[in-house]
Amino acid sequence: MKGAADSSYQLVTQMAANAFSYEERGLKADQLYTYKITSLSSRGKESDPVSVSN
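In our numbering, the protein residues as written are 7 to 60.
Possibly wrong hints are sitting among the right ones.
Stated by the list, open to error - Capping the alpha-carbon separation at 20 Å, the derived lysine to aspartate or glutamate pairs in EDC-like fashion look like this:
#1 LYS8 x ASP36
#2 LYS34 x ASP12
#3 LYS51 x ASP36
#4 LYS34 x ASP54
#5 LYS51 x ASP12
#6 LYS51 x GLU30
#7 LYS51 x GLU29
#8 LYS42 x GLU30
#9 LYS8 x GLU30
#10 LYS42 x ASP54
Unchecked claim - Here are the in silico distance ranges between beta carbons for each label pair:
#11 ILE43 x SER13: 13 to 23 Å
#12 ALA10 x SER48: 27 to 37 Å
#13 SER14 x LYS34: 30 to 40 Å
#14 SER47 x ALA10: 27 to 37 Å
#15 GLY9 x SER48: 15 to 25 Å
#16 SER48 x SER13: 17 to 27 Å
#17 LEU33 x VAL56: 11 to 21 Å
#18 GLU29 x PRO55: 18 to 28 Å
#19 ASN24 x ASP54: 16 to 26 Å
#20 SER14 x SER53: 14 to 24 Å
These are calculated hints, taken from the structure and not from any lab test.
Beta carbons are placed, not taken as given, at the ideal position from N, Cα and C, and that holds for glycine.
Based on the sequences and whatever the hints tell you, model everything.
As C-alpha cells, this is what we get:
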C-alpha cells in the first residue's frame with residue numbers, strides 16, 4: 007500500500023492461497039491509496055504486479 011504522501015510501497019499483509027478478498031481498516035477519508043497486488047506460484051515465482059487505487 008502507498009498513500010499519496012508516501013514515496014514507496016509498504017507490505018500490508020500476506021494472504022493464504024485460498025483468500026479472495028481483503029479489507030483495509032483505519033484509512034483516512036479523502037486520501038488516495040494505491041495497492042500493488044502480486045501472487046506467488048507453487049514454485050515461488052512472483053507474478054507481475056497489478057495496481058489498484060481507491
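A quick look at each hint next to the structure:
For a cut-off of 20 Å, the pair hint linking LYS8 to ASP36 stands: about 14 Å separates their Cα positions. Pair hint LYS34 plus ASP12 holds up; C-alpha atoms about 14 Å apart against a cutoff of 20 Å. Simply put, LYS51 and ASP36 have alpha-carbon atoms about 36 Å apart, too far for the 20 Å limit, and the pair is violated. Between LYS34 and ASP54 the alpha-carbon distance is near 28 Å, which puts this suggested pair outside the 20 Å criterion.
For the hint pairing LYS51 with ASP12, the CA-to-CA distance comes to about 27 Å; that exceeds 20 Å, so the pair is violated. For the suggested pair LYS51 and GLU30, the alpha carbons sit about 26 Å apart, so the restraint of at most 20 Å is broken. Restraint check for LYS51 and GLU29: not satisfied, since their Cα atoms lie roughly 25 Å apart, outside the 20 Å limit. The straight-line distance between the Cα atoms of LYS42 and GLU30 is roughly 14 Å, inside the 20 Å bound, and the hint therefore holds.
Only pairs whose Cα atoms come within 20 Å are accepted, and LYS8 paired with GLU30 is accepted, the gap being roughly 12 Å. Distance restraint check for LYS42 and ASP54: the Cα-Cα separation of roughly 9 Å lies within the 20 Å cut-off, and the hinted pair is therefore satisfied. For ILE43 and SER13, the Cβ-Cβ distance of about 20 Å falls inside the hinted range of 13 to 23 Å, so the restraint holds. With their beta carbons about 36 Å apart, ALA10 and SER48 fall inside the hinted range of 27 to 37 Å.
The hinted window of 30 to 40 Å between SER14 and LYS34 is violated, with their beta carbons roughly 18 Å apart. Distance hint check for SER47 and ALA10: the Cβ-Cβ separation is about 32 Å, which falls inside the suggested range of 27 to 37 Å. With their beta carbons about 33 Å apart, GLY9 and SER48 fall outside the hinted range of 15 to 25 Å. Checked against the hint of 17 to 27 Å, the C-beta distance between SER48 and SER13 comes to roughly 34 Å, which is inconsistent with it.
Taken as a hint, the range 11 to 21 Å holds for the pair LEU33 and VAL56, whose Cβ atoms sit roughly 20 Å apart. A hinted range of 18 to 28 Å holds for the C-beta pair GLU29 and PRO55, which are about 20 Å apart. A hinted range of 16 to 26 Å for the beta carbons of ASN24 and ASP54 is consistent with their spacing of about 22 Å. The beta-carbon spacing between SER14 and SER53, approximately 20 Å, falls within the hinted interval of 14 to 24 Å.
Hints 3, 4, 5, 6, 7, 13, 15 and 16 from the earlier list are contradicted by this structure; the remaining hints agree with it.
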